[in-house]
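S.K.: Sequence:
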Amino acid sequence: MARVSVSVPVRWSDLNAYGHVNNAALLTVLEEARISAFWAGLGSQHPTAVLESGPGASQHTVIASQRIEYRREIPHLREPLEVSLWIGRMGGASLEVHYEVLPPSAGDAADAGERLPYAVAATTLVLVDAATGAPTRIPPAVREVWQRYTDEPVAFRG
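Its first residue numbered 85, the sequence shown is counted upward by one per residue in the working numbering.
Hints are not guaranteed to be accurate.
To be verified - With beta-carbon atoms standing in for the labels, derived distance ranges:
1) Val-229 <-> Ser-91: 20 to 28 Å
2) Glu-115 <-> Met-85: 19 to 27 Å
3) Arg-221 <-> Glu-198: 36 to 44 Å
FYI, nobody ran anything at the bench for these hints, they're computed from the structure. The C-beta atom is built at its ideal place from N, Cα and C for all residues, glycine as well.
Can you build the whole structure from these sequences, using the hints too?
M.R.: Here it is, written out as structure tokens:
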């Protein structure tokens, strides 16, 4: 299974009064990972970053739904969180992006199995025509790249 791994720093403003990442701030963490993973032209090195970005893009993405399941508190960390992303489902004009928000990688592959996620999430994105706002099909070249990054959806608890 191929996944995209994105490092996202925890900012001081992401913390709440209890010293851990605020639940609403996690939406921004997911957004930053998603932009890095899928939008071209922003300096991303990810092979999945193939969508046009910026005001002149012919297609935009809109969020149709999001679901987050918090598994444990995310403390303030000096090292960036690791967000692992993949596509759980790809339709004609939409896709479900799935995530695991993980502690920073220690760089040791043997350690990877013991890193429990802080949270898991899913976002449904719809590609729309920038001029009309109408849903538009995922281009074949984009679909071909993304197909390699599809896997089973996140298993939510409830």
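S.K.: Against each hint, give a clear statement of whether it holds in the structure.
M.R.: Results of checking the hints against the structure:
no. : hint                            : verdict
1   : Val-229 <-> Ser-91: 20 to 28 Å  : holds, 21 Å
2   : Glu-115 <-> Met-85: 19 to 27 Å  : holds, 23 Å
3   : Arg-221 <-> Glu-198: 36 to 44 Å : holds, 41 Å
When each numbered hint is compared with the structure, no violation occurs for any of them.
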